[in-house]
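Just so you know, the sequence shown maps onto residues -25 to -1, 1 to 253 in mature numbering (1 follows the signal peptide of the UniProt record, and there is no 0).
These are computed hints drawn from the structure, not numbers from a lab. Take the hints with a grain of salt, since some may be wrong.
What the hints assert, rightly or not - Cβ pair distances, simulated, as ranges: (1) E68 to K90: 44 to 54 Å; (2) P99 to L15: 53 to 63 Å; (3) E184 to L26: 34 to 44 Å; (4) N41 to P99: 41 to 51 Å.
Claimed, not checked - Here are the simulated DSSO-like pairs of lysine-lysine, each with C-alpha atoms no more than 27 Å apart in a straight line: (5) K149 to K86; (6) K51 to K86; (7) K86 to K55; (8) K51 to K20; (9) K33 to K20; (10) K12 to K33; (11) K33 to K51.
Just so we're clear, the structure is a prediction, and the values are computed from it rather than from any experiment. No residue lacks a Cβ here, since even glycine has one placed at the ideal position from N, Cα and C.
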Amino acid sequence: MEPLRTVSAAVCLLLALWWTTPGLACNEAVCASIVSKCMLTGSCKCDMTDLSNCTCCKECSECLDNLYEECCYCFKMCPKPERSWSDLAMHSEVEEFHDPEIGLFSTLTNKHDPKQRWISYTFPVDHQIVDFGHKYQIRIVSVDESAPEGGTEPQQVTVNCTVAYLTQCRSWAKCSFSCQTMGARSVRWFHNGCCECIGSTCINFGINESRCLGCSDGIEDMLHDEGELSDDQLDQVLMAEMTEVCLRCSEDDNEEIPDAELDEALMAYGDDPGNVLK
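Model the full assembly from the supplied sequences, consistent with the hints where possible.
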């Protein structure tokens, strides 16, 4: 029963860390598994109040591996992240591609994707003719006829812009590659992992808003959408399963908790494979 006691202690310590960590500084959905592993191996077992004299920080960072940046604050061994999930969704990076396959992008996005790999939005945008030049080989939808009679020639054209939001979160590199393979002219990648592929006739890099269906703004938003929970209620929901594991381990040493049930509690509603921070 010693391994089970060790697991119980790790779970309870993990529960304490999350309970005392405000906001989303320690993201349960992303960090539960790796934090549990590092506690069980003892890689992060030392006093981290004085980081200049931390005896296990190097070993702990190696244990956290690629999730160090996302999960180091779970052990208070790095500064608290300043941005929340909603903040991340409001910041983005853009890139423009050379020689895009305009026809391919149009073919892929002009109808609903049956496999739901992306969702497309088409909307009109105005281009100034003087800047329009011969950059695009497109069909003009309409011409602005607001100029008074006898006035100058219309100075702008209205064309359809199409963008495609990929359903799943992905890294910046994968986002850029995916949009290139679809024939997009440019890409906008949001810091929450949402990837927007942008057609050739769009301006200002498409829509400056994260709309990916399978790329939530974090576990809090997912739970709020399902039950409209308050912050206090959300904390209670997230901690309930882990608390139950702690109590069961301490009350009955002879009762072993199935691995699947323990994993489920540790993961606190699962480690979403589409999460941006993976």
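Structure-based check of each hint:
no.	hint	result
1	E68 to K90: 44 to 54 Å	27 Å, violated
2	P99 to L15: 53 to 63 Å	57 Å, holds
3	E184 to L26: 34 to 44 Å	38 Å, holds
4	N41 to P99: 41 to 51 Å	43 Å, holds
5	K149 to K86	23 Å, holds
6	K51 to K86	48 Å, violated
7	K86 to K55	44 Å, violated
8	K51 to K20	12 Å, holds
9	K33 to K20	11 Å, holds
10	K12 to K33	16 Å, holds
11	K33 to K51	14 Å, holds
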